[in-house]
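With these hints in hand, go ahead and build the complete structure from the sequences.
Single-letter residue listing:
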Amino acid sequence: MTDRAPVARAGRPRVAAVVGVVGELVITLGVLLGLFVVWQLWWTDVLGERTQAQAIASLDWDPRPLPPAGDEPTATATPHREPAPVLDEPASGTTFATMVVPRWGSAVLPISQGTSTDVLDVLGVGHYDGTAMPGQVGNFSVAGHRVTHGKPFNRIEEIQVGDPLVVRTEDLWFVYRVTSTEVVRPVDVEVIAPVPGEPGVSPTEAQMTMTTCHPMYSARERYVVHARLDYWLPAAEGTPVELEPALGST
Amino acid sequence: MMDSDDTAVVTVYGMLWRVLPGPTWLKIVVLVALAAAVVAVCFAWVFPAVAPIMPFNDVTVE
Numbered sequence: 001m002t003d004r005a006p007v008a009r010a011g012r013p014r015v016a017a018v019v020g021v022v023g024e025l026v027i028t029l030g031v032l033l034g035l036f037v038v039w040q041l042w043w044t045d046v047l048g049e050r051t052q053a054q055a056i057a058s059l060d061w062d063p064r065p066l067p068p069a070g071d072e073p074t075a076t077a078t079p080h081r082e083p084a085p086v087l088d089e090p091a092s093g094t095t096f097a098t099m100v101v102p103r104w105g106s107a108v109l110p111i112s113q114g115t116s117t118d119v120l121d122v123l124g125v126g127h128y129d130g131t132a133m134p135g136q137v138g139n140f141s142v143a144g145h146r147v148t149h150g151k152p153f154n155r156i157e158e159i160q161v162g163d164p165l166v167v168r169t170e171d172l173w174f175v176y177r178v179t180s181t182e183v184v185r186p187v188d189v190e191v192i193a194p195v196p197g198e199p200g201v202s203p204t205e206a207q208m209t210m211t212t213c214h215p216m217y218s219a220r221e222r223y224v225v226h227a228r229l230d231y232w233l234p235a236a237e238g239t240p241v242e243l244e245p246a247l248g249s250t
Numbered sequence: 251m252m253d254s255d256d257t258a259v260v261t262v263y264g265m266l267w268r269v270l271p272g273p274t275w276l277k278i279v280v281l282v283a284l285a286a287a288v289v290a291v292c293f294a295w296v297f298p299a300v301a302p303i304m305p306f307n308d309v310t311v312e
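Protein sequence lines, in the order shown, are assigned to chains A and B. Each residue of the first sequence is one higher than the last, beginning at 1 in our numbering. Each residue of the second sequence is one higher than the last, beginning at 251 in our numbering.
Bear in mind the hints are in silico, worked out from the structure with no lab data behind them. Watch out, some of these pointers could steer you wrong.
What the hints assert, rightly or not - Covered stretches of chain A (in silico footprint by chain B; criterion: 3 or more residues with CB under 8 angstroms from a CB of chain B, positions within the stretch not fixed):
no.	region
1	29 to 37
2	95 to 103
3	202 to 215
To be verified - Cβ-Cβ distance ranges computed for the label pairs, FRET-style:
no.	chain 1	residue 1	chain 2	residue 2	range
4	B	V291	A	S218	23 to 33 angstroms
5	B	V288	A	V46	18 to 28 angstroms
6	B	P298	A	A17	31 to 41 angstroms
7	A	V31	B	L270	15 to 25 angstroms
8	A	V46	B	L281	36 to 46 angstroms
Said to hold, decoys possible - Quick partial rundown of chain A residues pointing at chain B, CB under 7 angstroms, derived from the structure:
no.	residue
9	G20
10	W43
11	H145
12	R177
13	D188
14	V189
15	A219
For each residue, glycine too, the CB sits at the ideal point set by N, CA and C.
The following block contains the structure:
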């Protein structure tokens, strides 16, 4: 080093300064990017799980199914298949229902009105504005994160045709059965049409649709699950039998 | 050994180290506190503002 110093003396401090500062910037940027990944993949889940649990806790009613203890023979409740009483669409951001996917266990997910990021990032599952309400003829459509922000729909690819999806409002249980799953482009809004896939057609059945991102950690496509209403049940009359395996797994 | 004066003066973090008062342990405490503050600001405001621009968070059809 001392050999070359006399030659480089004039230019070297300036070059060293530039290289040093650029190096610092690059290292700082790298650390910030790493922090962003930590925030996105970990901290948003911490916050999302907390706010979604609060949304459930702040409901006026208890959305958890009754435990299958001997005193209430839930399986004997008669399924209703006549047209169900339908709620009005609530104000944006209002948590008005919950859902359980028995294949995922007994986790209760809050469903809130709207699909903007301030609903989906905070409250979890969001109900598309203007689509049918639970049990209503039409297409009750919801969206949820598959990764990050509490990732309510993380395990969507495990859902099989025939699986129950159990939705609960204050007074009623709705049991939908999965009819199909598909991967579509983000612009394919016909999946949430009143008759899925057939925009403009008048619905005659109560259906349900879940959308989330696909593949994981990408927004290139959407993973979509369609289901059809099997039956509904007033909460006062019992708990859907579909929830009993889920209850048992806790 | 590197000539610490030359390199320390020209880098931002080196300058920060020299500007901070007190003994080494106090400088470390202050720097850790500063780093924690930067992380907190990023987590609370910067990253939530940047995230919507990122192309992996859309779950809706529109």
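Verification of the hints:
1. 29 to 37: Held - the region 29 to 37 of chain A has 3 residues with a Cβ nearer than 8 angstroms to chain B, which meets the minimum of three.
2. 95 to 103: violated (count 0)
3. 202 to 215: holds (count 3)
4. B:V291 <-> A:S218: 23 to 33 angstroms: Taking Cβ atoms as reference, V291 of chain B and S218 of chain A lie about 28 angstroms apart, which means the hint holds.
5. B:V288 <-> A:V46: 18 to 28 angstroms: Distance hint for V288 of chain B, V46 of chain A holds at roughly 19 angstroms.
6. B:P298 <-> A:A17: 31 to 41 angstroms: holds (35 angstroms)
7. A:V31 <-> B:L270: 15 to 25 angstroms: holds (19 angstroms)
8. A:V46 <-> B:L281: 36 to 46 angstroms: violated (26 angstroms)
9. G20: Holds: closest Cβ of chain B sits about 4 angstroms from G20 of chain A, inside 7 angstroms.
10. W43: Where the cut-off is 7 angstroms and the nearest Cβ of chain B is about 6 angstroms from W43 of chain A, the hint holds.
11. H145: holds (6 angstroms)
12. R177: Status violated, d = 22 angstroms.
13. D188: Hint holds; D188 of chain A Cβ to chain B Cβ min 6 angstroms, cut 7 angstroms.
14. V189: Holds. Min distance 5 angstroms.
15. A219: holds (4 angstroms)
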